[in-house]
Amino acid sequence: MQTSPVRTADGSASGRQDGSFVTDARDRTGLRDTLSILGVWLLLIIATTVVRPDFLSTQTLLAVTFTMSISGILAVAQALVVISGGLLDLSLPVSLTLSAWATVTALNNDLPTWAAIFIGILSGAAWGALNGLIVVFGKLNPIIVTLAMGFGGLAVLLLLFLSAQIPSDSDLRRFGLGRFLGLPNVFWPMVIVIVVAGLALSFTRWGRRLKAVGGNPQAARTRGISLPKTRFFVFVGAGAVAGLAGLCFAAVNPSFTPASGADFQLNVIAAVILAGISLSGGKGNLLLLLLSVGFLSTIPTSIAFFGLAPGWSLVLQGALLILAVGIDGYRLKRSAR
Amino acid sequence: MTQLTGLGRSFTRGIAGLAAVGLLLTGCSSGSPAASAPASGAAAKFTVGFAVGGQPNADWQKLQGDVAASLAAARGWGYVQLSNDNSEATATTNADIFIQKKVNIVMTFNGQPAANPVMAKKYKDAGIPVVTFDIAQPGWYFVGVDNASAGTAGGTKLGELAKSKWNCKVDMVISAEGTSSGQINTWRTGNARDAVKTVCPDIPAAAYVSYEADGNLTTSLKNAPGVFAAHPNAKNILVVGINDQAVVGALQAATQLGRDGSIMGWGQDGGLITGKNVDPNLVGSVMYFLESYPADAFKIADQLAAGNAPAVKDTGDNAAVQIKPCPVTKDQAAAIPSIEARVTQLGAAPAGTTAYSLFCKA
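One line per chain: the protein sequences are A and B, in this order. Each step along the first sequence adds one to the number in my numbering, with nothing skipped, and position 24 is 24. For my numbering, add 1000 to where a residue sits in the second sequence, where the first one is 1.
If we strip away everything but chain B, and leave its shape as in the complex, we get (with noise of 0.2 Å):
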């Protein structure tokens, strides 16, 4: 299947997002004494500046930024939406243009942290509050799923299918690794390590191995196969990694070489646990509802609007708001609707609800 960027497609989805987020942020704002202040006596229009990540093959993304657009549209709000396009130095030049657009706060995701200190200083010094999705920044309001209950959840449940099937019986834990996301890796997959060996606990030290997949499945599928190679012997295997990519590449590369017969792995992120084909030793991953995120951040954005700034928590440990992960096996990620669909039915359903009540079903 292609996932095609036509704008067929784009239309048709950011009607259908644009209505039903509408409906759901009408039905929030109706609920919110605070969203009603900024339209009521505010001398200049209250703005949010939205900075989407850019990031390819990433479609929440897009739906985040048409999310908050619609959030905004429905409290009357101004609305400045900008592109970081997965670079330092457009969401650094996308800085300098909210701060000219004197929008009263930064909504951004920015999957190239490095230019988040320059940022800070510039927006400190313009007096503009920031609200970071998932990479946490000093002084930023920071939304994010909690990564490391993610990384334990993940690792508990592929513990728990080792301790029913192999009765813990594991050769080789493999960990498919994405350094270059620094803390994020190390909770997502170190956690899920730990978890594994918290419901395992006799499998050997010597039996976790660890490899670069870069969070995603092409490197993951060259690097693993000596992994696979270097363990001649391990017959049960389990594979935790960054992502679905990660550990779908190590899924392929046993398949390569034959050794697909008693493997399990547990991916994080959801991206390839839905669809028509999923690795059938993918047995399950975590979900974030990453397209939800703006209503979470808009909470923030409302008090803000009607003159009590929340204080500002900026570490992923004491987040503004964490978003709760949601681990699901294969079966029951096939019955959780497509991000359009959820994005229509967050919508439809009554203020206050989160995207983790509504799907997560695990």
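Extracted from the complex, chain A is given alone in its bound form (with noise of 0.2 Å):
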């Protein structure tokens, strides 16, 4: 006999009293999805590498790491608005120069490198907060919020700056131009966020109640939870962790403009997606996006040692989001069944 799954609070299916059928059920979904993006990467790797054997060198290591360093930051900012059921965040490259903006000006009006850095995260978390208040308080819709809020947030820093550029003998430009471990400084503070972002997820209490309400709201609400406060705050913490994202894209990049942001966008949502991140909320394994994360951040490199335009690039990102998009709709309507 078929048992009927249960939604419980924490978002996931139960058939069983004991649960053992949503840690089967999550395990296998999680493993599938792990082999699936591993898989597809050492594919890309492995015909990159056929055609060009020098693929697998140090450079290349280099030139993976240094691309995945913002956007896997950015993407668990993403990430963390997505499982908490806020759809998405449109805002994100907003977030990112706002703060690298705040973190430029603060050190060159020579304020150290810490209260810099202080200052570059709090812009986030404030432009997080921003957010959060309009759709949790206001009971807007996030899509429509965070779109508008791009759009006004762009228009504002452009009356704001018009180009920043960080002082090139500042710390934290040393810091942009460094490695730690033969990788670039910057890879390194995405991996701190996804390694400490994916244990807080999985192992206190704060990741139940994130996934509880994202996944289901309302037995999520019976069991005491505060939806609104809940959401508001993964948005001010998602916008702390863009502002953190910010404050890397000041180290690396000598001179942005306002809308220097805006590149990230469809690759942070892409790597989402792909991670199996569903935008139903309640779900998501920040491992896996770190492995998505890594694949996006293989194609433009690997479309250099084909010799194609980097337009591919963008053209197989936009089929993977597709493509991800669809799978993650057929897994709803799967489990609905």
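These are calculated hints, taken from the structure and not from any lab test. Treat the numbers as computed from the prediction; the structure is a model and nothing was measured. In this text, a Cβ means the ideal position worked out from N, Cα and C, and glycines have one as well. Incorrect hints may have been included.
Incomplete in silico selection of chain B near chain A, CB under 7 Å [said to hold, decoys possible]:
1. Gln1137
2. Gly1226
3. Pro1232
4. Asn1236
5. Leu1257
Relying on the hints, combine the two individually framed chains into one complex.
Here you go:
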């Protein structure tokens, strides 16, 4: 006899009292997703290596890890919003540029590096708080709100500055140009953010609440979890993470404009969806997100090795995004049956 | 350093710019017989419609408007200024407004030229002549930099440096493109590559590599690492590009991958060749002195106002006024005054002085 699944407060499907079905199903899906992304990533690496055996090199590793850095941190910010049921934050590029500008402005005004870092992260968190206030307390569609905030925010940034440059002799700039363990310095904050956020999602009360709010809001509410409060603080936290991305962005870009963050939007959304983080909320694995970011960041380098125009990278990413959304939709339909 | 857009800076710049350009153009006017024509007996005041580009990160576009306003004021002409806001729709709406205002000539920089054919039809029907800056449109007077010469000049200088420093032993010539700019991209980057090839003919064809930088540093920095990784054995590297941003993106990527030991870049537009934070590997750029374009455009307006409409020259090859590009090394660029100071100095210079003759000391 087939057991009809029951939605639990943490958003997963449960068929038995002891919840073993939950663990089995989740493990199977997670393993399948992990193998899928690893498989296509490996396929890309093998295909490129067949054409160009020198693909497997330190230079490629540096190129891929550098490309992963800022996208990876932004992808974590986006993932937190999506898992909490906030659909998508389309204003993340503004968070990134705002915090980069705030950081650079602080450094140009001779504030110490720690203060500039604090101001940068705080700016991102403040932007997230503004989004959260409008979405949660205005009870408005997050996609529409963050889309509007993205446009409005860009306009405000254009009023604030035309271009910004980090002081070339600042510690942050030196950090942006340096390496640790043979990899770009900016790669490591991304790894730390993914590990910390991933562990927090899986093993802390905060993480369980976040998934619960995203997966099954009604059940979460009956368990006494405050939906508005949780969602608001997710936007704040995601903003702070985007603020960290802004710091790294300022560290590696000697000069940037208000619109410079726009380039990351598609890549970040593609990484989140490809990682199987469902747009319906409540589900997400940040290890998969790391693989997804790694795979997407390998594409531009592979394209260069194939000698193709970089435009093909966007074509591939767009196609993968549609494929991933299709798979997500198929899974949702299947679990609803 | 952050470029603020605050009121204070705008005010200061506006006052300085207006005063300086006023001085310049008073001088110009007094020496030009055509300039006095509109004031003498014209039934209606000759009016200039000026549409600034409105692109972000382009101080020169706002300064073009300031310069044009002063030029019109110096002649006692009417002046209507609008901003295209870097938008096709706004540029088209602006055309309607200029036609309604019955201006006698329109001057415009439109960074979204897809709307130009529609606007050209409107202006033609209304009988209003148009001066376009840098982006050619059939039937409009073209005032702009000679992009083909700019590309050649930059590439030649870079090639000469490669010859003197490396004896033309170049392993890779990277071209940071901005393909959406069409022919301008081809002139700037293609001609630069050809010029390098002319100076150093033994560089093999396979050493020339192009990638899409989209004319901005962020995209360039995102796409360039793969290019360096795909050419791991290239040591002596040259970089040309559609502008300074694209070239610096490639140079920064080289630094990230530890490939900046023997690399030189030569940009276009001079956007990142001055100031405190010039990339150590950006050895030069080609400057255009964009802020001085209106002074050239008003030469056409003077003739129109005097009833002597000049023949329309509407292409980069056959321009009404062709601005001479100025290739400068990093050291030479450091001696060139800031854009605001240039406007001031031009104002104090004798009539007929060009930005090129005043500031290009290469």
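Verification of the supplied hints:
1. Gln1137: Hint violated; Gln1137 (chain B) Cβ to chain A Cβ min 26 Å, cut 7 Å.
2. Gly1226: holds, 3 Å
3. Pro1232: holds, 5 Å
4. Asn1236: Hint on Asn1236 (chain B): violated, closest Cβ of chain A at ~17 Å, above 7 Å.
5. Leu1257: Check passed: Cβ of Leu1257 (chain B) comes within 5 Å of chain A, closer than 7 Å.
In the structure shown, a violation is registered for the earlier hints numbered 1, 4, in ascending order.
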